[in-house]
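My request is simple: use the sequences and hints to build the entire structure.
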Amino acid sequence: MSLAVIADREVHVDEEGFLTEYDEWSEELAQTLATNIGVELTDPHWKAIRFLREDFKMQGETPTLRRVTTIGQIPTKDLFQLFPKKPAKKMAYIAGLPKPAGCV
Amino acid sequence: MKRLLVLGAGTAGTMVANKLRRALASDEWTITVVDQDHAHHYQPGYIFVPFGTSTPGENVKPRKKYLSDGVEMVLGEIDLVLPDQNTVRLADARELSYDYLVIATGTSPRPDQTPGMDGEEWHKSVFDFYTLEGATALGEKLRSWDGGRLVVHITEMPIKCPVAPLEFTFLADAFFTDKNIRDRVDITYVTPLDGAFTKPVASQLLGDLLESRHIAVEPDFYIERVDNETKTIVSYDEREIPFDLLVTVPLNMGADFVARSGMGNELNYVPVDNHTFLSPKWDNVFALGDAADLPTSKAGSVAHFAVEVFTDNFLRHIRGEKMTSEFDGHANCFVESGDGKALLIDFNYDVQPLPGKYPVPRFGPLSLLEETRMNHWGKLMFRWIYWNMLLPGRRLPVPTAMSMAGKRDVGTPLPKEKESVK
Chain E
1 MSLAVIADRE VHVDEEGFLT EYDEWSEELA QTLATNIGVE LTDPHWKAIR
51 FLREDFKMQG ETPTLRRVTT IGQIPTKDLF QLFPKKPAKK MAYIAGLPKP
101 AGCV
Chain L
1 MKRLLVLGAG TAGTMVANKL RRALASDEWT ITVVDQDHAH HYQPGYIFVP
51 FGTSTPGENV KPRKKYLSDG VEMVLGEIDL VLPDQNTVRL ADARELSYDY
101 LVIATGTSPR PDQTPGMDGE EWHKSVFDFY TLEGATALGE KLRSWDGGRL
151 VVHITEMPIK CPVAPLEFTF LADAFFTDKN IRDRVDITYV TPLDGAFTKP
201 VASQLLGDLL ESRHIAVEPD FYIERVDNET KTIVSYDERE IPFDLLVTVP
251 LNMGADFVAR SGMGNELNYV PVDNHTFLSP KWDNVFALGD AADLPTSKAG
301 SVAHFAVEVF TDNFLRHIRG EKMTSEFDGH ANCFVESGDG KALLIDFNYD
351 VQPLPGKYPV PRFGPLSLLE ETRMNHWGKL MFRWIYWNML LPGRRLPVPT
401 AMSMAGKRDV GTPLPKEKES VK
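Just so you know, the protein sequences line up as chains E and L, in that order.
Residue numbering for the first sequence follows my numbering, beginning at 1 and increasing consecutively.
Residue numbering for the second sequence follows my numbering, beginning at 1 and increasing consecutively.
What the hints contain is simulated information worked out from the structure, not anything from laboratory work.
Honestly, I wouldn't trust all of these hints.
Unchecked claim - Estimated spans, in silico, between C-beta atoms of each pair: (1) E/Ser2 <-> L/Ser212: 16 to 24 Å; (2) E/Ile71 <-> L/Pro295: 16 to 24 Å; (3) L/Arg22 <-> E/Gly60: 30 to 38 Å; (4) E/Asp14 <-> L/Asp256: 32 to 40 Å; (5) E/Asp14 <-> L/Lys65: 47 to 55 Å.
As the list claims (entries may be wrong) - Lysine to aspartate or glutamate pairs mimicking EDC-like chemistry, simulated, CA-CA at most 16 Å apart: (6) E/Lys85 <-> L/Asp194; (7) L/Lys341 <-> L/Glu370; (8) E/Lys77 <-> L/Glu224; (9) E/Lys99 <-> L/Asp350; (10) E/Lys57 <-> E/Glu21; (11) E/Lys77 <-> L/Asp273; (12) L/Lys322 <-> L/Glu371; (13) E/Lys85 <-> L/Asp237; (14) E/Lys85 <-> L/Glu240; (15) E/Lys85 <-> L/Glu371; (16) L/Lys357 <-> L/Asp339; (17) E/Lys77 <-> L/Glu238; (18) E/Lys77 <-> L/Asp283; (19) L/Lys231 <-> L/Asp220; (20) E/Lys99 <-> E/Glu61; (21) E/Lys85 <-> L/Asp312; (22) L/Lys179 <-> L/Glu140; (23) E/Lys85 <-> L/Asp220.
Every value quoted in this text rests on a predicted model; they were computed, and no experiment measured them.
Here a beta-carbon is modelled for each residue, glycine too, at the ideal position from N, C-alpha and C.
Shown next as structure tokens:
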């Protein structure tokens with residue numbers, strides 16, 4: 001774990017740049033994180049990001065893609081268009097949540 | 001009389017029933033186990049069936065034989081758990097009441113959940129090997145197959161025994177080499193993960209083993225459908241991979257009654273405390289083994305270590321005491337790598353698989369994260385241990401909690417910042 005300065009704020013991140021402190025995230029920060037990985041945030045992006053934030057608050061873990069689809073009701077196909085190639089990781093990165101476990 | 005009801009007489013359910021039967025007075029406690037059939041399968045044995053080195057019969061025995069005297073077995077399909085009424089309803093409308101419930105109904109491959117997977121080509125050119133039926137059908141196919149594009153594919157994590165698709169791939173490579181047709185077989189390993197395995201040190205090593213065997217890896221592949229006409233698998237981001245022979249690990253899901261009873265997550269796994277297996281909603285409901293939503297591997301070894309912790313805790317819980325033993329997520333798995341060798345990995349919630357010796361530090365005789373013949377013999381011997389020691393609930397001479405003794409911390413290969421996200 002280390003400190004990084006993102007959007008002029010000091011935040012805690014893991015070795016891959018995922019935020020490790022839930023409360024250090026802000027919507028403004030998300031804009032910068034998205035830019036870092038080449039994603040431009042639109043309303044459908046925000047719907048997914050907000051679902052991730054809410055779900056993490058309740059469940060204590062980063063939701064899987066399947067969960068975003070079934071509980072968050074955003075079709076998987078759309079998620080791959082919004083966050084190309086690695087939607088689960090990209091969403092978690094922008095939402096300031098731990099990297100999805102990918103399970104074990 | 002109080003009743004402990006165990007749903008499922010697989011690895012976890014059988015061990016729990018046997019261990020608790022010894023610990024609970026038989027004039028105070030009834031232990032009842034429910035399962036829908038009589039056959040107990042040694043699932044780790046399936047991996048050898050496609051290659052003709054294990055027969056289907058070796059891996060199946062009657063469930064009843066492995067349940068202690070004094071454990072009642074009820075044969076029936078579970079329709080519903082009514083946790084607020086402490087009752088389980090069976091499909092034939094029989095009702096079983098309980099004081100405590102253990103859900104141990106495992107996880108199953110569900111090819112029906114991916115469009116086209118169980119279509120026309122199912123068991124013709126599309127196979128699974130996580131059922132004895134699938135492994136046997138695949139064995140017949142492999143005997144006469146003379147080469148082409150073999151695609152080994154994982155639908156989605158979590159899957160039970162997450163190393164098995166790698167083992168299958170290594171064994172297939174050795175099998176085709178043996179048959180002198182390896183040059184006519186093109187092998188691709190297709191995974192939703194970003195590498196060969198989930199944990200960095202093991203992922204790198206296993207990835208190197210794939211590369212040295214000329215096996216291509218297609219990472220981050222999230223399947224949308226199997227196209228039976230063109231014989232391709234298609235991902236959500238529209239990548240297409242053609243196959244002549246597809247060996248897939250279908251989506252794994254917990255039992256449907258878990259969903260019907262409103263007790264599961266989106267994959268029908270039962271949320272429980274990671275360390276005690278107690279449901280956060282019902283104080284007399286536990287889930288063990290693959291049926292539980294735990295952030296560790298779905299594997300018999302996890303069920304084994306979990307049951308050791310659980311039985312001590314359960315005895316405290318029924319006395320109204322705090323459950324003081326904590327499960328650490330301990331798992332260990334043999335990874336067959338072909339040519340009579342295997343690797344062994346040993347890890348838990350916090351510590352990834354590392355190199356070293358097991359179970360005795362510096363001595364072994366098993367080697368962690370290293371291909372040895374001894375590990376392969378360990379895997380073969382384990383079948384005997386499973387039937388004769390594990391299921392009866394005898395304590396094995398290995399520690400329940402994972403130990404760092406004998407392991408070398410080699411440091412995590414660090415992915416570059418943001419690279420892995422792009």
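These are the hints, each one checked on the structure:
Checked against the given bound of 16 to 24 Å, the beta carbons of E/Ser2 and L/Ser212, roughly 34 Å apart, lie outside it. For the pair E/Ile71 and L/Pro295, the supplied restraint of 16 to 24 Å holds, since their beta-carbon distance comes to about 18 Å. Taking 30 to 38 Å as the suggested C-beta distance range, the pair L/Arg22 and E/Gly60 conforms, at roughly 36 Å. At about 37 Å, the CB distance of E/Asp14 to L/Asp256 agrees with the hint of 32 to 40 Å.
For E/Asp14 and L/Lys65, the Cβ-Cβ distance of about 49 Å falls inside the hinted range of 47 to 55 Å, so the restraint holds. Taking the CA atoms of E/Lys85 and L/Asp194, the gap is about 11 Å. The hint holds against a cut of 16 Å. For the hint linking L/Lys341 to L/Glu370, the alpha-carbon distance of about 9 Å falls within 16 Å, and the restraint holds. At roughly 9 Å between alpha-carbon atoms, E/Lys77 and L/Glu224 fall within 16 Å of each other, so this suggested pair holds.
A threshold of 16 Å between alpha carbons decides the hint, and for E/Lys99 with L/Asp350 the separation of about 15 Å falls inside it, so the pair holds. For the suggested pair E/Lys57 and E/Glu21, the alpha carbons sit about 12 Å apart, so the restraint of at most 16 Å is met. The suggested pairing of E/Lys77 with L/Asp273 is violated, with an alpha-carbon distance near 33 Å, which exceeds 16 Å. Restraint check for L/Lys322 and L/Glu371: not satisfied, since their Cα atoms lie roughly 43 Å apart, outside the 16 Å limit.
For a cut-off of 16 Å, the pair hint linking E/Lys85 to L/Asp237 stands: about 7 Å separates their Cα positions. Taking the CA atoms of E/Lys85 and L/Glu240, the gap is about 14 Å. The hint holds against a cut of 16 Å. Between E/Lys85 and L/Glu371, the direct Cα distance comes to roughly 33 Å. Violation of the 16 Å bound is thereby established for this hinted pair. Pair hint L/Lys357 plus L/Asp339 does not hold up; C-alpha atoms about 21 Å apart against a cutoff of 16 Å.
Restraint check for E/Lys77 and L/Glu238: the C-alpha separation of about 9 Å stays at or below 16 Å, so the hint holds. Restraint check: the Cα-Cα separation between E/Lys77 and L/Asp283 comes to about 40 Å, which exceeds 16 Å; the hinted pair is violated. The suggested pairing of L/Lys231 with L/Asp220 is violated, with an alpha-carbon distance near 20 Å, which exceeds 16 Å. Under the criterion of a C-alpha separation no larger than 16 Å, the hint pairing E/Lys99 with E/Glu61 is consistent with the structure, at around 9 Å.
A C-alpha spacing of about 46 Å is found between E/Lys85 and L/Asp312, which places the hinted pair above 16 Å, so the restraint is violated. With a C-alpha separation of about 15 Å, the suggested pairing of L/Lys179 with L/Glu140 holds against the 16 Å cut-off. In summary, the hint linking E/Lys85 to L/Asp220 is supported, as the alpha carbons are separated by about 7 Å, within the 16 Å threshold.
Comparing the model with each numbered hint stated earlier shows that hints 1, 11, 12, 15, 16, 18, 19 and 21 do not hold.
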